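J.: Each chain, letter by letter, is given below.
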Amino acid sequence: MSNRDLETKLRQAIHHVAPDDLDGVLSRCKDQKGNVIQMSENRSDNRVVRPNFRRYTPWIAAACLMLAVGIGFYYRQLNAIASVISLDVNPSVVLSVNKNEKVLEAHAANGDGQQILDGMDLKGTQLNVAVNAIVGSLLKHGYVDELANSILITVEDDNTARGNALEQSLAGEVNAILESASVHGAILSQTVASDDPALEEKANQYGITVGKATLIQSMVNQNSQLSFDQLAGLSVNELNLLASNPKNDPANLSSTGSASDSAYIGVEKAKEAAFAHAGLSASSVTMGEVDFDYEDGRMAYELEFYANGIEYEYDIDASNGQVIKYSQENKGMSSSSTAGQSGNDIGEDKAREAALKHAGVSQSQATNIVVEKDWDDGRLEYSVDFWVGNVEYDYEIDGSTGAVLKSEKETHASAATNTIGVEKAKSIALTQAGATASQVRELEVSTELDDRTPHYEVSFKWNGMEYEYKIDAESGAILSHEKDWD
Amino acid sequence: MLPILATMAENSQVLLNPQELEKLMVGLAAGDRDSLAALYHRTRAAVYGLALSYLKNGHDAQDVTQETFVRAWEKAGQYRAQGKPLGWLLAIARNLSLMKLRERGKIHDLSEDQWENLAIESSEATQEDRQILLAVMGQLSDQERQIVMLHAVAGMRHREIASLLEIPLSTALSKYHRALKKMKTALKGDETL
Chain A
316 MSNRDLETKL RQAIHHVAPD DLDGVLSRCK DQKGNVIQMS ENRSDNRVVR
366 PNFRRYTPWI AAACLMLAVG IGFYYRQLNA IASVISLDVN PSVVLSVNKN
416 EKVLEAHAAN GDGQQILDGM DLKGTQLNVA VNAIVGSLLK HGYVDELANS
466 ILITVEDDNT ARGNALEQSL AGEVNAILES ASVHGAILSQ TVASDDPALE
516 EKANQYGITV GKATLIQSMV NQNSQLSFDQ LAGLSVNELN LLASNPKNDP
566 ANLSSTGSAS DSAYIGVEKA KEAAFAHAGL SASSVTMGEV DFDYEDGRMA
616 YELEFYANGI EYEYDIDASN GQVIKYSQEN KGMSSSSTAG QSGNDIGEDK
666 AREAALKHAG VSQSQATNIV VEKDWDDGRL EYSVDFWVGN VEYDYEIDGS
716 TGAVLKSEKE THASAATNTI GVEKAKSIAL TQAGATASQV RELEVSTELD
766 DRTPHYEVSF KWNGMEYEYK IDAESGAILS HEKDWD
Chain B
679 MLPILATMAE NSQVLLNPQE LEKLMVGLAA GDRDSLAALY HRTRAAVYGL
729 ALSYLKNGHD AQDVTQETFV RAWEKAGQYR AQGKPLGWLL AIARNLSLMK
779 LRERGKIHDL SEDQWENLAI ESSEATQEDR QILLAVMGQL SDQERQIVML
829 HAVAGMRHRE IASLLEIPLS TALSKYHRAL KKMKTALKGD ETL
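Chains A and B are the protein sequences, given in the same order.
Offset between the first sequence (1-based) and our numbering: plus 315.
Offset between the second sequence (1-based) and our numbering: plus 678.
FYI, nobody ran anything at the bench for these hints, they're computed from the structure.
The model shown is predicted, which means the values in this text are computed figures rather than measured ones.
Heads up, a few of these hints could be off.
Chain A regions said to be covered by chain B (calculated; three or more residues, Cβ under 8 Å) [what the hints assert, rightly or not]:
{"no.": "1", "stretch": "333-344"}
{"no.": "2", "stretch": "478-484"}
{"no.": "3", "stretch": "557-569"}
Built from N, CA and C at the ideal position, the CB exists for glycine as well.
Chain A with its partners taken away, still in its complex shape:
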């Protein structure tokens, strides 16, 4: 069975067992076309005053009274708060607007916010004009620059559709202003309901906006090791850096751009500090994830890496490179192992030899040999794949002893036998990208010789981009290629 057939069969199986629950979904989806005035709606908060037409029903025929009601209604609509928008950097400013997006009130939520609003009378202006002025003032006062480029936009609105639309347009607006000032901004935005008393109380307690409190609460909900108390004092740029850590990923938050870490030592310096502490050279290390973390009251780089069968985790102070904490876990290798000793890591050549010997195949008979180093269940393993004619061999070899852990052999009814080879496929992909093998990272190739169109899949990272190629196994033609930001 080819990969494609298997994929199709799985797709078919899921289509068959996935319940059709459209009625259940629709019954829970409230009508979103509610931007017109809701005659019977009772707001839970006291900021919006909406007229109750039923009171006037007996008199509705009287033209003069109707006119009076109309004028009153119009007046109240103009003065009713439809949405509350907060802009947080470190300065925080809150704007209340009516349904026509005209500013009814602008106030600072902290001392820095007062500096931003100083001398500006935004009442009566259109929201986009007010936002333009505020962001301009933030730039002028140096609160948004390449060192700290994050802005949080929060729209509080009970009408979700209207709130979302406003959030999207404001995010675009702010982004355009920052771009025109040649600042690579990072914009976080969210829409929240306007009646969460618990969160409002917390926001008041810490002297922050409901928007910032929402973001912090969301991260604390995701990661129990964070506390509201700790995060309340951080700037939005620091929160944005922490939000980029998958452990803290806040719900319902839209994000564009990357938070600047220019105020910190940078990932490379953090790596150097961790490797030096662990007594390792960079070349002996396989890197895992690097993320921002908040540890011991400090912004930190959280690094994971592997070397000599040991998994290391470090938290490095992002400001000065100091080791805050570290741990290491032996993943099944001898703790006395050192890099490069063949007794601990047999290496790719020995792994390949072990597989070929077990299969009774000489190296010259085998084609399309792919050897990959991998960690599985805490053990160093080599995966060795190769072909002899239309027979595919798949081995897993213990990386420290060379023992055969698993062996499979599959005869394919149709498989490409006159192939260009793995190395040629790599070379074609690298040439197309304009790179060399020594320049790229994570160069991987897989053989799909039993596919309807036998091909190689080649992937690698280079120059901040990820590349993925499909190369025809017989002709060497590039069937497809993609690249995206790493």
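Given the structure of chain A, go ahead and fit chain B onto it with the hints provided.
T.: Frame of chain A; chain B shown alone:
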């Protein structure tokens, strides 16, 4: 069998065509229920498959699938047209699945019998469907299962999967191929040396 499989693959490409889904997202943002119904029919299997791969429980996966579309309806205004509407939808499904896992505190795996029953509950499920699902749920690691569902059922590219699951592209690729091999072994009982 092969022509039927080919037709299904084509249908899947049509169903999940990003331009078509993008139009439906515009409809959703405007509060159009017909767009929601069309989006549901096109993408429910992809969403359900991903939820199932995380939760390993048909009822929880159904709950998450329903919640995903309700959230999509509510949050459609936040969607920014980038030609990746399915990725947006699946990101919601993934987050909801992770929340569900945290709520549950532990993963309730389905036994083989339960899996068979789940498949049987659907009148459309065939014997082959049951075998495939048993292989996916029984033989693959959690991440392998997620990757296979995202590529085979949701039609996502490997680099999109790597981005969604926050893993290196090379890991997504190698785990995908390893997963397919495991499934083939389980389904065919390949010759062991």
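J.: Each of the hints needs a verdict: does it hold here or not?
T.: The hints, checked one at a time:
1. 333-344: holds (count 10)
2. 478-484: holds (count 5)
3. 557-569: holds (count 5)
Violated hints for the displayed structure: none, as all numbered hints are satisfied.
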